[in-house]
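K.L.:
Heads up: the sequence lines are chains A and B, in that order. In terms of my numbering, the first sequence has 72 at position 72, counting the first letter as 1, and numbering is strictly consecutive. For my numbering, add 111 to where a residue sits in the second sequence, where the first one is 1.
It is worth saying that the hints were derived from the structure and are not from the lab. Since the model is a prediction, treat every value here as computed from it, not as a measurement. Among these hints, one or two may not hold up.
[Claimed, not checked] The calculated lysine to aspartate or glutamate pairs, modelled on EDC-like cross-linking and capped at a C-alpha distance of 20 Å, are:
| hint | chain 1 | residue 1 | chain 2 | residue 2 |
| --- | --- | --- | --- | --- |
| 1 | A | Lys37 | B | Asp149 |
| 2 | B | Lys155 | B | Glu211 |
| 3 | A | Lys71 | A | Asp24 |
| 4 | B | Lys120 | A | Asp55 |
| 5 | A | Lys56 | B | Glu211 |
| 6 | A | Lys68 | A | Asp84 |
| 7 | A | Lys37 | B | Asp167 |
| 8 | B | Lys168 | B | Asp149 |
| 9 | A | Lys103 | B | Asp167 |
| 10 | A | Lys56 | A | Glu42 |
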Amino acid sequence: DQQVKQNSPSLSVQEGRISILNCDYTNSMFDYFLWYKKYPAEGPTFLISISSIKDKNEDGRFTVFLNKSAKHLSLHIVPSQPGDSAVYFCAAPYGNNRLAFGKGNQVVVIP
Amino acid sequence: NAGVTQTPKFRILKIGQSMTLQCTQDMNHNYMYWYRQDPGMGLKLIYYSVGAGITDKGEVPNGYNVSRSTTEDFPLRLELAAPSQTSVYFCASSSFGIQETQYFGPGTRLLVL
């Protein structure tokens, strides 16, 4: 039973345009969310996080928006660059040192 | 500063064989984790450790064992390999716990035939 859901598994976007990745969660107790980025044959790397006391967090080209009432968050990448081509995972901590991960979204940025 | 290293990168096992996946971190992190990622799925926690000598089960611990005798090392043991254990295994570490940034190793791809 997935607590964190990422639909639309792949996204293709032109270089310079916006990439929007969506993530929905079912557990209303979640109060912190993270996005990880993963290149092929590498481990995930931390990208950006947001606490439930905020509805937006920005770091350079990356912005995460949180809508608690809808149990929805999104990651915006503006402008998209070829180096952003990767798989992006949404995750939320819960319980004893556990992270609930979504299945990931593949982003392909076309030069 | 190597971060988190994992060996081997790739391994093929026969059903019933055993092996140890190695994980070492040089960041003096207290917390270490083992995850598995099946194709098209998110990562699932197998075991974690909050410090040397302390380990606990995650979501999918069956078929695996761990030990943490030092801060740096956190090996994962598969005793009787089964095809269901075919997966990519990631080791990770963090300073203080689950809300801190986790640093992941490059992964070990395991195929059980």
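K.L.:
Taking the hints in turn, state whether each one holds.
P.N.:
Results for each hint:
1. Straight-line distance between C-alpha atoms of A/Lys37 and B/Asp149 comes to about 17 Å, which keeps the hinted pair within the 20 Å bound.
2. For the proposed pair B/Lys155 and B/Glu211, the alpha carbon gap of about 17 Å is at most 20 Å, so the pair holds.
3. Restraint check for A/Lys71 and A/Asp24: satisfied, since their Cα atoms lie roughly 6 Å apart, inside the 20 Å limit.
4. Of the supplied pair hints, the one linking B/Lys120 and A/Asp55 is violated, its CA atoms being roughly 40 Å apart against a limit of 20 Å.
5. In summary, the hint linking A/Lys56 to B/Glu211 is supported, as the alpha carbons are separated by about 19 Å, within the 20 Å threshold.
6. For the given pair, A/Lys68 sits about 27 Å from A/Asp84 by alpha-carbon distance, which is inconsistent with the 20 Å threshold.
7. A threshold of 20 Å between alpha carbons decides the hint, and for A/Lys37 with B/Asp167 the separation of about 27 Å lies outside it, so the pair is violated.
8. For the hint pairing B/Lys168 with B/Asp149, the CA-to-CA distance comes to about 19 Å; that is within 20 Å, so the pair holds.
9. Only pairs whose Cα atoms come within 20 Å are accepted, and A/Lys103 paired with B/Asp167 is rejected, the gap being roughly 24 Å.
10. Restraint check for A/Lys56 and A/Glu42: not satisfied, since their Cα atoms lie roughly 28 Å apart, outside the 20 Å limit.
Checked against the numbered hints above, the structure violates hints 4, 6, 7, 9 and 10; every other hint is satisfied.
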